[in-house]
Amino acid sequence: MRDAHPSPVVRLRDVSKAYPGGASVLRGLHLELTAGEYVAVIGESGVGKSTLLNLVAGLDAPDAGEVEVCGAPMARLGDDQATLLRRRHIGFVFQAFHVLPHLTVLQNVALPLALNGLSADHAVVMLAAVGLAAKGQRKPRELSGGELQRVAIARALVHRPALLLADEPTGNLDPATASSVLALLRRQVAATGAAAILVTHSALAAASADRVLRLTSDGLVPA
Amino acid sequence: MTAARLTAALAWSALRTQPGRSLVAALAIAVGIALGLAIHLINHSAVAEFSRAVASLAGEADLSLRGRMPEDVFAALAGDPDVAVASPQLELRVNLPGRREPLTVLGLDPFRAAALAPQLVGRPVEAPDGGRGPAGGGLALLEPDVVFLSPAALEWLGLAPGDRLPVQVGVATRELRVAGSLPAVGAGRRLGVMDIAGAQWTLDHPGLLTRIDLRLRPGADPAALRARWADRLPAGTRFETPGESGERGANVSRAYRVNLSVLALVALFTGAFLVFSTQVLSLLRRRPQLALLRVLGLTRGGLFALVLAEGAVLGLAGSVAGAAGGIAIAALSLRLLGGDLGGGYFNGIVPALSVSPGAVAGFVALGVAASLAGCLVPAWSAARARPAAALKAGDEETAMARVRSPWTGLACFAAAGALLSAGPVDELPLPGYAAVACLLVGGLALMPWLTARLLTLIPDAWARRPVAGLALTQLREAPGYAGIGLAGVLASFSLMAAMAIMVASFRVSLADWLDHVLPAQLYLRVGGGGETGFLAPADQEAIAATPGVARADFLRSRALSLDPRRPDVLLLARAITRDRPAARLPLVGDPVPVPRDAVPVWVSEAVVDLYGVRAGDAWTLPLGGQGLPVVVAGVWRDYARQHGAVAMAMEDYRRATGDARVNDVAIWLAEGADPGRVQAALRERLGAGEGLSFVEAGELRRISLDIFDRSFAVTYLLEVVAVGVGLAGIAVSFGGQALARLREFGMLRHLGFRRRDVDALLALEGALLSAIGVAAGLGLGWLISQVLIRVINPQSFHWTMDTAVPWPLLLAVSAVLVALATLTSVVAGRRALSVGAVRAVKEDW
Ligand SMILES: Nc1ncnc2c1ncn2[C@@H]1O[C@H](COP(=O)(O)OP(=O)(O)O)[C@@H](O)[C@H]1O
Ligand SMILES: [Mg+2]
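Listed in order, the protein sequences are those of chains A and B. Numbering-wise (the working numbering), the first sequence opens with residue 3 and increments by one. Numbering-wise (the working numbering), the second sequence opens with residue 244 and increments by one.
These are computed hints drawn from the structure, not numbers from a lab. Watch out, some of these pointers could steer you wrong.
[Claimed, not checked] Restraint ranges, calculated between C-beta atoms of paired labels, are given here:
id, chain 1, residue 1, chain 2, residue 2, range
1, B, Trp-255, A, Gly-221, 57 to 63 Å
2, B, Arg-543, A, Ser-204, 36 to 42 Å
3, B, Ala-567, A, Ser-26, 52 to 58 Å
4, A, Asp-82, B, Ala-657, 50 to 56 Å
5, A, Thr-218, B, Ala-706, 48 to 54 Å
6, A, Asp-82, B, Ala-661, 46 to 52 Å
7, B, Gly-660, A, Ala-122, 57 to 63 Å
8, B, Ala-567, A, Ala-122, 57 to 63 Å
9, A, Asp-82, B, Leu-1054, 56 to 62 Å
10, B, Ala-612, A, Ala-178, 54 to 60 Å
11, A, Ser-26, B, Gly-544, 49 to 55 Å
What you are looking at is a predicted structure, and each value in this text was computed from that prediction instead of being measured. We treat Cβ as the ideally placed atom computed from N, Cα and C, and that holds for glycine.
Start from the sequences, fold in the hints, and give me the full structure.
Structural data, given as structure tokens:
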């Protein structure tokens, strides 16, 4: 187990964000996420869900408010420091998989281990955990969409991050595949002990979460 | 919207979304077309002017007898019943004191010439003082020291009718009176005309004719006349029709011209290649989009047409710009360099630019064709792709699988080998040039395979760091993609390396040759290039007896016509001993023993190639009225006379011709003698002024190498252009790849790659790839240089050379290329990533 007294993995305080030339997207947002907590964020398209994840990941900076991840003030870190924190503590799952086409499945999964200077052994374990043990030497183009997303999940968790960020991970999948991928994600996040923010617009996806929040123009409200 | 309009619209938008790459590809085509057209126009203008000059000399003659001959031939021919008019001529290149270039002077009989070539009859100008001045009356035509100059000659010499023209005869200076002009002689031709008797007398060539023009009686058969006179003519003369003379003019510079044109074609080839790699990369990037079009209902033919249309637009834009540039370059070069681009083939001719619309249209069509050729393979493979597979990321390498096989490349190499075993075609090394093209194409085709092979050779242990490991893995897995990007470097760098090796080899061999042919300390030359400067026997004795002169070797050189369709060869008579010819001549191969009673001659490599004689052969030289039987005793290397030279011992020459004059002297100084003093003493003894030119061996060597460097300046320029185009090619191809990999970089940033990690990844890839490209380019360049040195040069210019590789230059250029490519790769990646990691992952694959 990770921590006896769970301190927040993510803490957002009064966060606001507007894009240049556009109306403000996020206003006065609050969010606290403890270790191992699995939260779903739902909301209409264009409301700012992806923006929220980018702020958490340190890929974008808020106009006001504070973003803390694992105790570090993301907005005040330099790009390199934020990147190193992301490298160590955050895993990503995208809607469009983003698996490197020229690497094998196993090499793709092992990427975060290599980046963190860890042995690649755990990649095999992780691949087996997502049910793709037999396909480690395949190229991504030989896999189906559901399988690709499972590769992405293995890659996101292989280095045991404290936080997993998933942006509409089932958006490109059919309902049956989507539910099996969601179940797998839930299982593996639990097994890793990571906290997770799952962004989705599907109620079905949200059902697997500990807590469901709705992002509206007034902020995050319990759904 | 019709299908054609849709195709055009799609092609246009594809080109516009990658303006940099489209621009470079079009530019490369433009460079090739500009150079090719410029060289064509310059040569066309020069040859046209030359032919005009030949035609104006011949006038309306049916037949001419050419060659050095005594006057009595004229009397005999004029008496032939078939001959209506016979006009004798003496053509001499007259040395002008203080000028390097001689002036061609025609001696003719004005009354006979008036019937055949009226434009060559001078028009006297009344003397300003009204009296019997230097140019008085019609009788001026016959005065022995009167000359009429063409407008171009007047302008060149800065003279006007009434002025005096100093000319060199022997070592003395004589003055001719300029009595008027030759208004009907073409504007580009420098020419003087004198009365023939006056020319023979004043220019000291008594009794000599070089040409007799004939007008035949109506109904007479020229062939019959030729046959009748065939064995009654002196050795070294023969009949020619005006057409045959013109042909020789065009032949003079043919190899040089072809050589330059091939250089231009090389630029065009590189251009076609850049279009190819631009299109391949652009199509790879657009594969999913094109697949989508196919899914939406675009036919195979439609897709093929789309890709070709893009190529046609690139080609047309490049060609039109190139044609404009070519005309400008041609106009400028004609004004600055003359019609032979510094090659020295058309002395005395200053051509005006003539642009034929047909040639321009032809070159534009060539540019479009080159561009279309570059598009053909990518278009075909794009049209063939199965849309379902192409929609997926990472499918490009399947498309590349064919490219990764080494067989196409090896087949090209085999074809090159076969071509090299063929001899020249029509005296041009066309198979050699084709072999170079095969080597290039083969090298390019082998690139993906070679890249993959070389990358597997790199030990994994070198790539422990995650960034290095990722770079290596990606390159190994996708060498096709990477190899295409490299092709630009390979094409331009291998050609540059080949040219550099060839030029260095040539220069080193030339320097060795100069050491061999310039053994003395001081050289005395009496009027270079002309025929009227010489040293009489008395002068020679005076030189040998001058204090400070330890030894003097005399050299007689004169033109010898061995074949009417070819330029004259040079006959060199000098102090050669039959036992030790290597002391004076840079022999190649061993000399062969010659019978005691035979006259030995040593021929340059060009004579072997052009006239088919070999060491040991018996041969006849047109010397001394009858032919002189000689034996070829050896072959020597001659970089000075591309049309051939024949060397013989001075005493053999004198015995055969009775000609005791010489042109050049090699002087060994006595111990401690001061070259300046000796020169002054010689000048005083010979009583000669500007006509004598002294030059020390070291200076002659330097001047020769300077001339060499200058004449290769055009080549250096083309090399710089080639490397520049190649670098631009790298820049755009890396730029294109960086754009194509935007989502990859975005994802890596999400995974925790810092900016500098992405930079390092790109730098590593760029350095590895360009190092492979440069190494392969060096290898391919060496192969091509061997074709240039062993096949193309000997076949074009009839000289051989020993290979010398300019390592410092090549390594420096290699290092710069790798460094620039690495930098380019990083800059391209930075620019691509400036859109931000967040947006990058948002896009669909
Ligand atoms: N880089 C950007 N520049 C300007 N506006 C943006 C940018 N990214 C997103 N937006 C706008 O911000 C809003 C929220 O976008 P996003 O967070 O992607 O929505 P969601 O993920 O909830 O669909 C949208 O209205 C979108 O148009
Ligand atoms: Mg979104």
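Against the structure, the hints:
{"no.": "1", "hint": "B:Trp-255 to A:Gly-221: 57 to 63 Å", "result": "violated (48 Å)"}
{"no.": "2", "hint": "B:Arg-543 to A:Ser-204: 36 to 42 Å", "result": "holds (40 Å)"}
{"no.": "3", "hint": "B:Ala-567 to A:Ser-26: 52 to 58 Å", "result": "holds (55 Å)"}
{"no.": "4", "hint": "A:Asp-82 to B:Ala-657: 50 to 56 Å", "result": "holds (54 Å)"}
{"no.": "5", "hint": "A:Thr-218 to B:Ala-706: 48 to 54 Å", "result": "holds (49 Å)"}
{"no.": "6", "hint": "A:Asp-82 to B:Ala-661: 46 to 52 Å", "result": "violated (59 Å)"}
{"no.": "7", "hint": "B:Gly-660 to A:Ala-122: 57 to 63 Å", "result": "violated (47 Å)"}
{"no.": "8", "hint": "B:Ala-567 to A:Ala-122: 57 to 63 Å", "result": "holds (59 Å)"}
{"no.": "9", "hint": "A:Asp-82 to B:Leu-1054: 56 to 62 Å", "result": "violated (37 Å)"}
{"no.": "10", "hint": "B:Ala-612 to A:Ala-178: 54 to 60 Å", "result": "holds (55 Å)"}
{"no.": "11", "hint": "A:Ser-26 to B:Gly-544: 49 to 55 Å", "result": "holds (52 Å)"}
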